[in-house]
Amino acid sequence: MKQNKYLNPYLGGVLLGLVLLSANFISGRGLGASGAFKSMVVSSVNMVAPAHAGNATFYKENIHEHPEGVMKSWLVFQVLGVVVGAFISGALAGRLKFKVEHSPKITSKRRLIFALAGGVLFGFGSQLGRGCTSGSALSGMAVLSLGGIVTMAAIFGTGYALAYFFRKNWI
Amino acid sequence: MNRFKDSKHLQNIKHLQNIKPRVLLAMALIPLALVIAAVPENTTKPYKLTIEEVVGEITDGAQYFTADQIADLIIQKDPSIQLIDVRPKDEFETYHLPGALNIPISDLLSDEWLETLDQDVRTNVFYSNGTVQSNQAWIICTQRGFKNNYVLQGGLNYWAETILNPQRPDQTAPNDEFAKYDFRKAMNGALGGGTLEAQSTPASSAGTMPEVAKKPKKKKAAGGC
Amino acid sequence: MGPLSVNEIISSNTNFFLAFLIGIGFGFVLESSGFSSSRKLAGVFYGYDTVVLKVFFTAAITAMLGLLFFSLFGWVDLSLVYVNPTFWHSAISGGVIMGAGFIIGGFCPGTSVCGAAIGKIDALVFVGGLFLGIFIFGEGYPLWEDFYKAGFAGFPKLNEVLGISQGILALLIVLMALAMFWVGEWAEQKFPREEY
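Protein chains in written order, with our numbering: chain A, 1 to 171; chain B, 1 to 225; chain C, 1 to 196.
In case anyone wonders, no lab produced these hints; they're calculated from the structure. Here the structure is a predicted model, which means the values were calculated and not measured. Check each hint, because a few of them may be wrong.
[As the list claims (entries may be wrong)] So the derived list for chain C, only partly shown, Cβ under 8 angstroms to chain A, looks like this: (1) 21; (2) 54; (3) 143; (4) 179.
[Claimed, not checked] So these bits of chain B aren't anywhere near chain C, every CB distance computed over 12 angstroms: (5) 37; (6) 41; (7) 78; (8) 114; (9) 119; (10) 120; (11) 148.
[As the list claims (entries may be wrong)] Only pairs whose alpha carbons sit at most 20 angstroms apart, straight line, appear in this in silico PhoX-like list of lysine-lysine: (12) 168/A - 190/C; (13) 105/A - 168/A; (14) 20/B - 60/A.
Cβ atoms here follow ideal geometry from the backbone N, Cα and C, with glycine treated the same way.
If we strip away everything but chain A, and leave its shape as in the complex, we get (with noise of 0.2 angstroms):
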């Protein structure tokens, strides 16, 4: 079956926008993904080893900061939405296929090292920066808050300055 085409960018955009705005408007708040990613870690390692987690400061606070329970936060039920929204769209354009996705020119062993690389890299600087694209970035842009845009122009001016160094992976 031939892959349906992708929406209009544009579209998107303003699709995207209304989720955002919408989430604005009922919530208060932008939409995000690590934030549950930390509760995730969070109550994996409270679960795991309890005494360390209420030893160790990070997850000490974010413990604290979520008394009805680590997962009961706002963001892990909206990446989960994210998660059944992506499979319902992949569904209808009949893209739902395992498989690696890389360029020609390097094995998929490489293409997943580099992809858990890139995780963790990911992983780190979302905690650091507080948010990634969506939380800090696009979030951020739409209220015009300064750390936000900051933060945007920090992830895409380090793409492009290192996007020659790894062009083979992509092109």
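Following the hints, position chains B and C against chain A.
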């Protein structure tokens, strides 16, 4: 003739469909942006409060931070909070909260502290032994148009009773009393332990302090990613 | 009126349920726009596919204008909407690390979830990396706690720093974004690639 007209009409429609999405987007957004740039901003209420609003805030207790909240913020080293001790210098030197600044109420109007107090970066939290002086400081600063002013509920007396010397609740007490006790114990440990006798002002007023502000001020939704 | 949850018009459980629905919308739009494909995402850095640029900035300016209009009509109290704090050190260094992660891994957290949801194994591995990265941050937290909390500058908005009204700034950002789209479409014609 008719057919010719039709095809021309069709061409027009086709022409419309051929407009690039980018141009369509520009045609929609630029006028909206012009409108929003032209209209005056719907500013939220001015910072200076009317007398009625001041009275309203005080009777609602909206200006209070509870001792538990402040203990939590101190331990998290929250940089957005600025604790201000409005007692005289000698009392400050005897005991003060970690990281607090000493601005005796008589110095509150001096230019020296103007920049510290009148900013929109950190939250001012005033405290004294009870809450009389800290509330005075709160009114002065709020009326001068400074932003983000709060008061430590119950003052240091209540702080000493709850955070520094938490009392184990009775066996029959509801569970959340025990949770509160454990929390305060933990806070005490994290703050370096130690005990402190209640200050000279009558302790009875501290003991009857309401546990929670009646109508807590609407705090912004937590955010972040 | 708004934000509904802050003004306690809806309960916290309703808020969580709506978060789930908002998430569905978020995921659906990201996936439909092609954000589940890392090569499409990385294209923005080489000019062959600027879909990221277009979707990202169109979304940001749409939401920005929407919020300003909502505020104008009195539908939402902007002073109750969360504005990200500004911590200079961590905003810049965190952004730089994330930028490196983006070009190396080809995803960001939100898009990797989308990719994983439709079966991209590289996206799933990226998600694993995210967990690891956050775990490392948590374990070493005492080492960078001071740095993490340094350079706090409050919750400033860009227009306050520039000393102009939000509306004027919004107009400038809209014009800038449209100019960027124009450059993006030019780049796509200059460096054409097949659709992935």
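Evaluated hints:
{"no.": "1", "hint": "21", "in the structure": "holds (6 angstroms)"}
{"no.": "2", "hint": "54", "in the structure": "holds (4 angstroms)"}
{"no.": "3", "hint": "143", "in the structure": "violated (11 angstroms)"}
{"no.": "4", "hint": "179", "in the structure": "violated (14 angstroms)"}
{"no.": "5", "hint": "37", "in the structure": "violated (4 angstroms)"}
{"no.": "6", "hint": "41", "in the structure": "violated (5 angstroms)"}
{"no.": "7", "hint": "78", "in the structure": "violated (8 angstroms)"}
{"no.": "8", "hint": "114", "in the structure": "holds (17 angstroms)"}
{"no.": "9", "hint": "119", "in the structure": "violated (8 angstroms)"}
{"no.": "10", "hint": "120", "in the structure": "violated (6 angstroms)"}
{"no.": "11", "hint": "148", "in the structure": "violated (9 angstroms)"}
{"no.": "12", "hint": "168/A - 190/C", "in the structure": "holds (19 angstroms)"}
{"no.": "13", "hint": "105/A - 168/A", "in the structure": "holds (7 angstroms)"}
{"no.": "14", "hint": "20/B - 60/A", "in the structure": "violated (53 angstroms)"}
Violated hints for the displayed structure, listed by number in ascending order: 3, 4, 5, 6, 7, 9, 10, 11, 14.
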